[in-house]
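Student: For the record, the sequence lines run as chains A and B.
For the first sequence, the working numbering gives the first residue as 1, with consecutive numbering after it.
For the second sequence, the working numbering gives the first residue as 365, with consecutive numbering after it.
Calculated from the structure, these hints are not laboratory results.
Each hint should be verified, as a subset may be incorrect.
[What the hints assert, rightly or not] Here are the simulated lysine to aspartate or glutamate pairs, EDC-like style, with alpha carbons at most 20 Å apart:
1. Lys495/B with Asp154/A
2. Lys618/B with Asp311/A
3. Lys617/B with Asp154/A
4. Lys495/B with Asp162/A
5. Lys289/A with Asp605/B
Note that the structure is a prediction, hence the values are computed from the model and not measured.
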Amino acid sequence: MSRVLSIFFALLIVALIGVGAVHKSSTAPASSPEGAVQSMFDDVKAHDWKAAYSYVAPSSNVDLVNFQRDLAGRNSSLRTYSQLEGVSTRVLHENDGEALVRTELKYSTAVGASFDTRDLKVVKEAGAWKVVWKGEKDVNVPPQVIPVNYLRWDVIYRGPGDDWGAQNAENPRLRILSMNPTEHDGGIIIMGEIENEDTVPAFVSVGATLVDKNGRDAAEETSFDKTSHVLLPKEISPYRIDFPGMKLANMKSVRMKPDSMLVPAAADPVIGVLHQRIEKDARGRTVLKGELLNESGQIVNIPHVLATFYDASGRVIWVSDGYVDHALMPQEPQPFAVDLRDELASSVHSYRVTVNQYSLNRSE
Amino acid sequence: MRPLRFAVLAVTLGWLLTSSAQEVRPPQYAVAGHPTTIGTSGEGEGTLYLVGPGQVIKRHVRLGSDVAIAANELGSAGRWIAILRAGGRSPSQVFFVQSGTPESLSFLARPSRVPVARPSVISGIAVVFDKFQNLVLQPTPVKFSLSVEGTEISQTVTSRNGLAWVNSSSARKAGAAQFVARAGDTSVRRVVQQVASDPCNLRIHMAQRNPVGVAFETDPVRDCTGNPVPDGTIVTFTQSDSRGRSTVDARLKKGIARAILPASDKAIITVACGVVLGNELHLGGAR
């Protein structure tokens, strides 16, 4: 009896493992345009690229490898470190033979949620709805030599053998150019700009402490990724520090704490920000759009865009940021968009965009 | 009975006389690193202890003779106690040892990097020590000199309680300034990097034009005293045209920053370095 039981449980375990390992994938023909899009992205979520590809219309002229790279990312971009989390679809128009489906994709990434909105054309082919997938063209940079002879700074720090009076290399001087506290979404936001006034690169962090009416420290936060942490000489970066759940009326003052550290750094790559303009996106939200141009010869894997918005008096009224989920290939423009609060759009008089970059093949 | 009483009295008196003769006589003036002698009186043998700051010297001595202390033995300046242990008694005397002649300096110069032409921005503090690292409390002249690219400013300050300090303005010329403190034959050198200040009179011009883009570059970027602003400094070029705004954070290279901006029929190009604005160019329109 016990032998029968053990065989039974062994089989049960194998069956359960099998059930757990086999994910739900569907390749059944879609009966509606929205269904085709949903089924395709369900398979993408499950990393069943072949099943997802079965919903792609042959007229798309895209092969499985490129389709997979479009959705899973390439060149160690942010997309390669992300997971499709949610898909919402809406049919914009539809007739017997084709339809346009607005698809909002939500990816979870290491740096927060990333959104992608696509208007997908869906066509009826052989009785089934298929998605016309516009494949991203692989950028082929023509063979060339791009001379990069920018400066880099190395630092020799004070060592244990040095005379006690010998001074260490001084930390860079910073200057907070502006600071503007405001309330938004039930919290306090402190934003402004900081400059590396020095002639050496600085690793910068900006912290702030809210002091309540009794003179006690109520909260302490830093700008985390809402600033550029490595500032080259005379570089200006915005910063934004969020204090959720706090009210300005309960505060007496703010204590700012800019910190700097001398770090080795390189002056490249140079990333140009071209054709910046404020527009409405497909969902009707106000965004600052533009293109990033990597002027160096190396791939920039994860670009991070920081936008500073000013009112007519030059005051910083909003700081917004966004990660671009595509890598920046040398000399190839890459579009970007960062949010701007709709209610502020009319107050924005000017803006400035700076770009952080994270590159895998860079040593510093 | 009477002679016995007299004998006891004589012995006691003799003992008292002998014992009261045990004395230690430290020097009136002792200097660390210099030989000195400690006088003793009495008869017989004893042990001399010299207890000073962080140092103890022990000697077997013949009472009545002077004890020589060698130059390298008396190292610590400050308050010493000489104790003579002999015949069950321990007479003692306090004496002071002064620090020797200045033999070493500790020199703190701040900051290590400073913009040119700033008043009273460099400070130097020298701490004067003798060869045994005793703080030299006697007033000592310390000469501070700050030289860069052939120009030198110097100032002599007399130390007080072992410290001498000076405040100096940075020079108008950029470079590695040699900041030297000198006391007697000893000197210590520090380097204060004097760097260019904010750019002055920042100007751009169009360098090259092709269908893809227009290259703009700055004139050599210098500060208000004519020093070249260091390479690697960020210079922001901004172009505003009908397609929006384009910016390039260019780096100074060999004193010049260069950026390629998109080709445009009509555009305004501005330049800035930190908080300093440069000139404005109008392309394709009235200047």
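Student: It remains to establish, for every hint, whether it holds in the given structure.
Tutor: Tested hints:
no., hint, in the structure
1, Lys495/B with Asp154/A, "violated, 37 Å"
2, Lys618/B with Asp311/A, "violated, 36 Å"
3, Lys617/B with Asp154/A, "holds, 17 Å"
4, Lys495/B with Asp162/A, "holds, 19 Å"
5, Lys289/A with Asp605/B, "holds, 15 Å"
The structure shown violates the earlier hints numbered 1 and 2.
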